[in-house]
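Participant: For reference, the chains in residue letters:
Number of protein chains: 2
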Amino acid sequence: MVEETPQHNAKKTCWNCPAVKFKGHVDFRACGQEAFRKAASGQLVVECKRREEIGYFDPMSITYDSCPEFQKTDYGYLLRGMTVMILGIDGYLGWPLALKLASLGCKVTGIDNMLRRHLVSEIGAQSILPIGSVKKRIQNARDHLGLDIDFREMDLLNRDEFFEYVKEVQPESIIQYAEIPSAPYSMVDVDRAVKTINNNVIGTLHVMFAARDYAPETSIIKLGTMGEYGSPLTGRPIFEGLFPGDAILQYGDDEWSLGGELTPRDPVSFYHVSKVQGTFIVYESCKYWWLRSYDVMQGVVYGLQTPELIADKSLNTRFDIDEKWGTVVNRFVAQTAIGTPMTIYGKGNQIRGYISINDVMQCMVRMIANPPEPGQYEVVNQVTDLYSVRQIADTVAHIGKHEFGLDPTIQRYENPRVEAEDHPYEVLHTKLKDQFQFVSESDFEDEIRYMFKRLLEPDIKARIEKQQELLIPRTKWSGTTGPLKVLETFKP
Amino acid sequence: MVEETPQHNAKKTCWNCPAVKFKGHVDFRACGQEAFRKAASGQLVVECKRREEIGYFDPMSITYDSCPEFQKTDYGYLLRGMTVMILGIDGYLGWPLALKLASLGCKVTGIDNMLRRHLVSEIGAQSILPIGSVKKRIQNARDHLGLDIDFREMDLLNRDEFFEYVKEVQPESIIQYAEIPSAPYSMVDVDRAVKTINNNVIGTLHVMFAARDYAPETSIIKLGTMGEYGSPLTGRPIFEGLFPGDAILQYGDDEWSLGGELTPRDPVSFYHVSKVQGTFIVYESCKYWWLRSYDVMQGVVYGLQTPELIADKSLNTRFDIDEKWGTVVNRFVAQTAIGTPMTIYGKGNQIRGYISINDVMQCMVRMIANPPEPGQYEVVNQVTDLYSVRQIADTVAHIGKHEFGLDPTIQRYENPRVEAEDHPYEVLHTKLKDQFQFVSESDFEDEIRYMFKRLLEPDIKARIEKQQELLIPRTKWSGTTGPLKVLETFKP
Numbered sequence: 002m003v004e005e006t007p008q009h010n011a012k013k014t015c016w017n018c019p020a021v022k023f024k025g026h027v028d029f030r031a032c033g034q035e036a037f038r039k040a041a042s043g044q045l046v047v048e049c050k051r052r053e054e055i056g057y058f059d060p061m062s063i064t065y066d067s068c069p070e071f072q073k074t075d076y077g078y079l080l081r082g083m084t085v086m087i088l089g090i091d092g093y094l095g096w097p098l099a100l101k102l103a104s105l106g107c108k109v110t111g112i113d114n115m116l117r118r119h120l121v122s123e124i125g126a127q128s129i130l131p132i133g134s135v136k137k138r139i140q141n142a143r144d145h146l147g148l149d150i151d152f153r154e155m156d157l158l159n160r161d162e163f164f165e166y167v168k169e170v171q172p173e174s175i176i177q178y179a180e181i182p183s184a185p186y187s188m189v190d191v192d193r194a195v196k197t198i199n200n201n202v203i204g205t206l207h208v209m210f211a212a213r214d215y216a217p218e219t220s221i222i223k224l225g226t227m228g229e230y231g232s233p234l235t236g237r238p239i240f241e242g243l244f245p246g247d248a249i250l251q252y253g254d255d256e257w258s259l260g261g262e263l264t265p266r267d268p269v270s271f272y273h274v275s276k277v278q279g280t281f282i283v284y285e286s287c288k289y290w291w292l293r294s295y296d297v298m299q300g301v302v303y304g305l306q307t308p309e310l311i312a313d314k315s316l317n318t319r320f321d322i323d324e325k326w327g328t329v330v331n332r333f334v335a336q337t338a339i340g341t342p343m344t345i346y347g348k349g350n351q352i353r354g355y356i357s358i359n360d361v362m363q364c365m366v367r368m369i370a371n372p373p374e375p376g377q378y379e380v381v382n383q384v385t386d387l388y389s390v391r392q393i394a395d396t397v398a399h400i401g402k403h404e405f406g407l408d409p410t411i412q413r414y415e416n417p418r419v420e421a422e423d424h425p426y427e428v429l430h431t432k433l434k435d436q437f438q439f440v441s442e443s444d445f446e447d448e449i450r451y452m453f454k455r456l457l458e459p460d461i462k463a464r465i466e467k468q469q470e471l472l473i474p475r476t477k478w479s480g481t482t483g484p485l486k487v488l489e490t491f492k493p
Numbered sequence: 002m003v004e005e006t007p008q009h010n011a012k013k014t015c016w017n018c019p020a021v022k023f024k025g026h027v028d029f030r031a032c033g034q035e036a037f038r039k040a041a042s043g044q045l046v047v048e049c050k051r052r053e054e055i056g057y058f059d060p061m062s063i064t065y066d067s068c069p070e071f072q073k074t075d076y077g078y079l080l081r082g083m084t085v086m087i088l089g090i091d092g093y094l095g096w097p098l099a100l101k102l103a104s105l106g107c108k109v110t111g112i113d114n115m116l117r118r119h120l121v122s123e124i125g126a127q128s129i130l131p132i133g134s135v136k137k138r139i140q141n142a143r144d145h146l147g148l149d150i151d152f153r154e155m156d157l158l159n160r161d162e163f164f165e166y167v168k169e170v171q172p173e174s175i176i177q178y179a180e181i182p183s184a185p186y187s188m189v190d191v192d193r194a195v196k197t198i199n200n201n202v203i204g205t206l207h208v209m210f211a212a213r214d215y216a217p218e219t220s221i222i223k224l225g226t227m228g229e230y231g232s233p234l235t236g237r238p239i240f241e242g243l244f245p246g247d248a249i250l251q252y253g254d255d256e257w258s259l260g261g262e263l264t265p266r267d268p269v270s271f272y273h274v275s276k277v278q279g280t281f282i283v284y285e286s287c288k289y290w291w292l293r294s295y296d297v298m299q300g301v302v303y304g305l306q307t308p309e310l311i312a313d314k315s316l317n318t319r320f321d322i323d324e325k326w327g328t329v330v331n332r333f334v335a336q337t338a339i340g341t342p343m344t345i346y347g348k349g350n351q352i353r354g355y356i357s358i359n360d361v362m363q364c365m366v367r368m369i370a371n372p373p374e375p376g377q378y379e380v381v382n383q384v385t386d387l388y389s390v391r392q393i394a395d396t397v398a399h400i401g402k403h404e405f406g407l408d409p410t411i412q413r414y415e416n417p418r419v420e421a422e423d424h425p426y427e428v429l430h431t432k433l434k435d436q437f438q439f440v441s442e443s444d445f446e447d448e449i450r451y452m453f454k455r456l457l458e459p460d461i462k463a464r465i466e467k468q469q470e471l472l473i474p475r476t477k478w479s480g481t482t483g484p485l486k487v488l489e490t491f492k493p
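Same order as they appear, the protein sequences are chains A and B. Heads up: take any position in the first sequence, counting from 1, add 1, and you land on our numbering. Heads up: take any position in the second sequence, counting from 1, add 1, and you land on our numbering.
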């Protein structure tokens with residue numbers, strides 16, 4: 002008889018569960034660490050919002066695998082019909098996450114201010130996978146997958162409306178995806194830098210205050226980026242946000258553990274600066290108010306398939322490929338698909354972390370299923386693989402040439418960014434596996450193959466061709482304008 | 002014959018001087034480190050904005066002590082009539098700095114949006130040293146000290162107006178003091194947290210963009226706070242912002258220098274968060290655009306005298322003592338002066354760095370005289386002494402009792418803040434001395450004595466009494482309201 006590995010969160014208790022009512026029972030502020038000691042020794046009693054009939058109980062006495070409010074899923078034990086609020090539900094990641102969670106029985110609700118659609122169309126671009134209005138998308142999800150998704154058009158910066166919404170919905174988890182996600186956009190001019198920082202930083206501050214006042218037990222998942230760290234030229238490891246306990250500082254004749262302190266950040270654009278600024282808001286809010294959060298340092302996401310997204314073409318997520326709103330793998334496939342060169346900035350030796358959209362969804366659901374404990378701020382590096390830009394171009398070229406009969410070209414431009422072009426990159430990313438049982442289900446080459454298949458469909462290809470000028474880099478970190486010099490054009 | 006110690010910046014060259022025109026001569030973005038190599042080997046030529054007649058020259062070939070545009074002062078060589086722009090010129094530090102610089106022959110110009118006056122009066126408080134309108138203050142400076150100060154009422158957040166101003170003035174140094182400086186204010190509610198972060202972060206972003214576009218050689222001095230660091234419980238040293246080269250990270254079997262990376266931050270209120278957020282903006286702008294800045298992590302400032310301020314009573318700087326806008330030493334003296342208890346939060350073992358307003362002025366002028374080089378971001382810990390809150394209370398009590406016949410009392414309140422009450426605090430602060438020849442001219446006890454003298458003047462004392470209710474702590478970090486519990490009242 003083979004013993005099954007227990008689910009990652011099977012033995013977690015109500016201490017971590019967002020359905021527990023701590024307020025009124027535990028004064029975290031006053032008792033501080035005392036709350037933990039009490040909890041650990043069974044002296045702390047709480048109530049369950051879902052099972053009022055059990056009255057007061059010791060939160061450590063019920064485990065997820067023994068609670069009827071939890072169901073076993075492929076992602077761990079998950080609160081039945083968990084209420085998850087997705088901020089930025091209309092985005093590249095927001096939409097597939099809504100579908101995934103709804104298909105797992107979650108009560109999904111979300112907001113979007115339609116800013117992303119507006120900003121992309123502002124430069125004359127559009128999602129190259131056609132997407133309908135949110136209303137239409139939700140109707141399609143109902144028709145094809147039988148899912149119910151609640152949507153409100155709302156701006157996170159509209160504080161009163163957002164606070165009302167959190168108060169009404171009482172989310173058990175909040176996913177903060179409502180940020181402007183473009184490095185080049187943030188570097189265009191002062192107006193866009195301010196807009197990015199204002200939107201991202203004040204938005205996140207609103208999330209934390211709303212949680213404090215209306216949903217203090219909610220589990221907050223904040224989207225950060227690997228770009229918060231930069232690429233330390235010494236080659237020191239890039240830890241998961243906080244130094245581990247066995248990271249030692251040596252100075253003079255003494256040494257100290259750096260464990261629990263935030264690692265140095267070196268954000269590579271004002272967009273990335275805004276993410277670091279958000280990190281500090283979340284980190285401190287958890288400390289001040291015993292809120293709980295995973296701050297997810299995500300690598301560059303690529304791909305367009307999840308089981309839900311491909312159930313029907315009308316369920317597409319948005320897919321941008323232009324120089325501002327697209328990202329590198331997706332853009333290279335699109336460029337090769339229409340026979341234009343892949344655009345490399347500088348040497349192309351820049352190494353970054355990558356993850357497929359399908360793996361992102363798995364990670365997110367696992368984290369939603371397994372919330373932090375009160376007061377816990379934890380950083381997760383959400384990447385599966387490291388590649389240099391040149392490696393990506395070579396892989397895309399190889400598949401494009403040999404499997405799709407295309408004629409791939411590479412064009413190197415002078416680098417419009419301020420970044421190291423040759424650097425070590427040692428990223429630690431074991432938490433997802435160790436704490437959440439994440440195992441990647443994606444193969445880099447397969448995802449590229451699948452993208453080629455979709456992007457070579459005549460209607461999609463035509464949409465790429467229509468915006469092909471927008472794929473060429475033009476946003477310089479220096480703030481100066483004018484075309485960038487082409488350094489080299491060649492066939493890989 | 003005694004040889005005089007050379008001034009700290011005597012041998013600095015035009016490479017560091019903001020009067021040099023780099024733009025058009027040096028493409029920092031394109032050449033990167035190349036610029037330094039060229040400069041070091043005399044291959045780089047620039048022009049001087051002040052001495053057009055010398056034409057092109059090697060910026061390393063002229064030193065401050067050999068340039069006729071520099072004058073020797075007590076603070077080092079200083080550009081004659083240096084144009085210094087003070088943002089927040091009406092504040093506790095802005096005003097005395099304006100007086101000090103003007104008295105050294107600088108061309109001082111400044112803006113203020115009058116927000117500080119508004120916010121203080123909003124809670125029913127006011128500066129307990131009477132201050133006139135800015136117009137009046139400037140008139141007084143002219144009448145009593147013969148100084149000329151240029152002032153515009155302007156909000157740094159009004160971007161177009163501010164950019165025009167920088168363009169017009171062409172500052173050789175910009176002092177960023179235009180920030181909302183109160184930790185308790187930022188913790189009152191979401192509205193004030195947002196206001197603090199928005200004002201401080203977007204304001205600083207405006208400064209950097211204005212410098213990039215209209216004054217790229219200007220030396221930017223950004224006011225930060227020691228509170229950005231928090232108080233690491235391991236007792237590891239609190240470095241000056243960036244790790245020194247001999248700070249080593251040990252992890253696994255390897256080690257790396259952390260030199261040049263930002264040290265971990267742990268800001269203790271949203272106000273402090275806003276300062277960390279500003280740090281990242283300045284740090285990265287210097288990197289992206291070769292701007293130059295000192296980021297000053299300032300300790301808690303106390304006192305009310307500088308030679309200029311005390312030249313006439315009409316030249317007072319503002320002096321706040323309430324729980325939101327005042328700071329601890331000043332408040333304790335005021336409380337003792339009117340016979341009310343000194344208010345300690347929690348145990349009173351919290352250790353912080355302190356510095357007198359007179360020493361602050363000396364530090365600032367020394368840094369203004371000795372600008373960073375292009376691209377240089379440097380952090381300076383601006384403190385002279387470390388005290389626990391209890392030590393301060395004891396010192397104030399001792400002087401109040403024995404020298405002024407007062408009857409000092411201490412009242413300990415439950416701590417409204419989220420902070421460690423017992424912690425080590427090992428602060429490194431040698432840069433001011435080593436790089437700028439700073440030597441403190443203040444004695445803690447003398448400053449307290451002087452404060453007592455002024456605050457015991459009947460009219461001043463009456464002003465304190467009028468707002469004595471506002472000196473009692475009431476802003477809780479938890480966001481809950483209601484009076485704080487008094488833990489203990491005693492005579493020290």
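Check the hints yourself; a few may be wrong.
For identical chains, the list gives no copy identity; a pair is met inside one copy or between any two copies.
Computed list of lysine to any residue pairs in SDA-like fashion (alpha-carbon distance at most 25 Å, straight line) [what the hints assert, rightly or not]:
#1 LYS288 x SER479
#2 LYS168 x LEU116
#3 LYS477 x PRO69
#4 LYS196 x ASP156
#5 LYS467 x LEU120
#6 LYS454 x ALA11
#7 LYS288 x ASN199
#8 LYS196 x MET61
#9 LYS136 x VAL167
It should be emphasised that the hints constitute simulated quantities derived from the structure, not laboratory data.
Participant: Which hints, by number, does the structure contradict?
Facilitator: 3, 6 and 8
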